[in-house]
Amino acid sequence: MCGLVGAVSQRNVIPSLVDGLRRLEYRGYDSAGIATMGVKGLVNVRALGKVDVLSRQLAEKHISGSIGIGHTRWATHGKPSEVNAHPHISSGEIAVVHNGIIENHEDLRRDLQSKGYKFQSETDTEVIAHLVHHLSRGGNTLQEAVRQTVRQLEGTYGIAVISSREPGKIIAARRGSPLLIGVSEKENYLASDVTALLPVTQYFISLEDGDIAEVLPDSVNIIDEQGMVVIREMKKSQQKSVELDKGPYEHFMQKEIYEQDVVIERTLLPALKGDLVNEAVLGADAEETLKDIEHIHIVACGTSYHAGLVASYTLESLCGISCKVELASEYRYRRAVVNPNTLFVTLSQSGETADTLAALRFAKRAPYRATLTICNVDESSLVRESDLVFLTQAGPEIGVASTKAFTTQLMNLNLLAILLARYSTNGLSERREASLVTVLKRAPEQVRSVYALDSQIRAVAESIVNSPYVLFLGRGQMYPIAMEGALKFKEITYINADAYAAGELKHGPLALVDDQVPVVALAPYNPLLGKLKSNLAEVRARGGRLIVIGDQGAGFSASRTEMAIDVPKSGGLIAPMVYTLPLQLLAYHVAVLRGTNVDQPRNLAKSVTVE
1 MCGLVGAVSQ
11 RNVIPSLVDG
21 LRRLEYRGYD
31 SAGIATMGVK
41 GLVNVRALGK
51 VDVLSRQLAE
61 KHISGSIGIG
71 HTRWATHGKP
81 SEVNAHPHIS
91 SGEIAVVHNG
101 IIENHEDLRR
111 DLQSKGYKFQ
121 SETDTEVIAH
131 LVHHLSRGGN
141 TLQEAVRQTV
151 RQLEGTYGIA
161 VISSREPGKI
171 IAARRGSPLL
181 IGVSEKENYL
191 ASDVTALLPV
201 TQYFISLEDG
211 DIAEVLPDSV
221 NIIDEQGMVV
231 IREMKKSQQK
241 SVELDKGPYE
251 HFMQKEIYEQ
261 DVVIERTLLP
271 ALKGDLVNEA
281 VLGADAEETL
291 KDIEHIHIVA
301 CGTSYHAGLV
311 ASYTLESLCG
321 ISCKVELASE
331 YRYRRAVVNP
341 NTLFVTLSQS
351 GETADTLAAL
361 RFAKRAPYRA
371 TLTICNVDES
381 SLVRESDLVF
391 LTQAGPEIGV
401 ASTKAFTTQL
411 MNLNLLAILL
421 ARYSTNGLSE
431 RREASLVTVL
441 KRAPEQVRSV
451 YALDSQIRAV
461 AESIVNSPYV
471 LFLGRGQMYP
481 IAMEGALKFK
491 EITYINADAY
501 AAGELKHGPL
511 ALVDDQVPVV
521 ALAPYNPLLG
531 KLKSNLAEVR
541 ARGGRLIVIG
551 DQGAGFSASR
561 TEMAIDVPKS
571 GGLIAPMVYT
581 LPLQLLAYHV
591 AVLRGTNVDQ
601 PRNLAKSVTV
611 E
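The sequence shown: position 437 = 437 (my numbering), numbered continuously.
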């Protein structure tokens, strides 16, 4: 992985390809490349590092062409290097770009080597290029060679192929990795993400698993897995092309932290009908489905998994409905027990997370009552394939470390809990529902009030910037918020961090505490506060450096060995959102002080489209 583009036209497409790759930079990558058709055949230009490096090389070499494929790579097989960057070439005739993982690449490599093919890279993708070349030598068209190739591939792929033998077309194929065709006037495009092509078209065809497409300047021809000609629906995207502008902020992550009050409100308001939640926002059959639900199963990865854990507390306490939360990467590999009338819920920012998408497809073969996705990207695979959809309105999130997508997920999960409570055996009166909605309406203002703490949080960051390890603690819903804080911290600061339920300190983690270890504790004014204070006394007794983020009036104050950050008292449904922001800002400021790449931390990708 990570990003793929293609274009075929009657004009020079190199500028469009470069722009498309730039629009995919937010996904994370380590190298980039573009292949096109020159006067003497294939021309392939690759660069280690940023798209700007590739762009300069293309300009210096005066590269142009009316057809081309491009890629930004995030290393899976083989280290980041120019030779491992895509596109990969076979015999000077075939060029391939690929997202996904070919699981049987070693067997294919050995077979191709026995046929005389020499490999230049360590990647799994190069086997595709050589296999297409081998299968095209017997008189097969490029499309047929690709069709025979993908039959031999095990794993996931979204590929685009060009050939000097058939220079006016791109052949594309997909299984398990997103691939879209952008349709325009006398030119057509390919991409792994709508974002890459919005400046040139708003009309897209989503390929389905097993599809193979022949893309020419004035037509698109698609065959399915059985080799039958099919017509896939073309849709107009509702997304708008936006310039990737940080505005007055130093980093996209900082900008996105400071957008959260706005996007939380933007997510909340369309889901309301007066003082109540409007179930129609989930889809036409939502009410009928929600009335049946007796159990919930949430599956997600990373930050979205933490959102699911937070929601499980609300879903069980408010609705009286059992809720199980699992990592998508683990879910498919055990025999899950599915109770009658269970709602299967997926959470994802991109809607293309490979493990989550695979879990959804697995779940659709199990006896769930329905599937629902909470997602930030309309037209994504999760949205297309789920029965019910609850879109967040976070807008484009460019920073690899998720911020506003997380808090808008929390908002939608609260709204879902209210709806399920309405129809549960517990019941929910209109008066009680209206009071809960009133609390949610206060979230934007409460979140906005945290911004005033920025300088105080930066001072805390300065005190821990050289720490080798940080421990995060919470109880109840604050435990998964502590988990999210620890994840953000290690993602962008490169400092190891762990999160524990505070009551578990004495069962092991306390052995790590000394005067060199900052301990960040989340202390809202709730029934668990007394227990938490007892846990923190254990930290003080071992000389730990306490940093307490707590409600005003919770009884914490700064001292020589302790720092306190008072957040406005929020409580209830919105406390997890409010407490998330200080943790995001703490991670951000430590990362800036350490000089790391805040928006594109090393080794990480924004949209994880491989398992």
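Just to be clear, a hint being listed does not mean it is correct.
[To be verified] What follows is a set of in silico ranges between Cβ atoms, one per label pair, in the way DEER data are often shown:
(1) N278 / G92: 30 to 38 Å
(2) S64 / G274: 32 to 40 Å
(3) D514 / S81: 40 to 48 Å
(4) E462 / D498: 19 to 27 Å
[Said to hold, decoys possible] Below are the BS3-like pairs computed for lysine-lysine, each with C-alpha atoms no more than 25 Å apart in a straight line:
(5) K531 / K569
(6) K115 / K186
(7) K186 / K273
(8) K490 / K50
(9) K255 / K50
(10) K240 / K255
(11) K273 / K441
(12) K273 / K255
(13) K79 / K118
(14) K273 / K324
(15) K186 / K255
These are calculated hints, taken from the structure and not from any lab test. Yeah, the Cβ is synthetic: ideal placement off N, Cα and C, and Gly gets one too.
Hint-by-hint comparison with the structure:
no.: 1; hint: N278 / G92: 30 to 38 Å; result: violated, 59 Å
no.: 2; hint: S64 / G274: 32 to 40 Å; result: violated, 58 Å
no.: 3; hint: D514 / S81: 40 to 48 Å; result: holds, 41 Å
no.: 4; hint: E462 / D498: 19 to 27 Å; result: holds, 22 Å
no.: 5; hint: K531 / K569; result: holds, 19 Å
no.: 6; hint: K115 / K186; result: violated, 40 Å
no.: 7; hint: K186 / K273; result: violated, 45 Å
no.: 8; hint: K490 / K50; result: holds, 23 Å
no.: 9; hint: K255 / K50; result: holds, 22 Å
no.: 10; hint: K240 / K255; result: holds, 19 Å
no.: 11; hint: K273 / K441; result: holds, 13 Å
no.: 12; hint: K273 / K255; result: violated, 30 Å
no.: 13; hint: K79 / K118; result: holds, 19 Å
no.: 14; hint: K273 / K324; result: violated, 29 Å
no.: 15; hint: K186 / K255; result: violated, 38 Å
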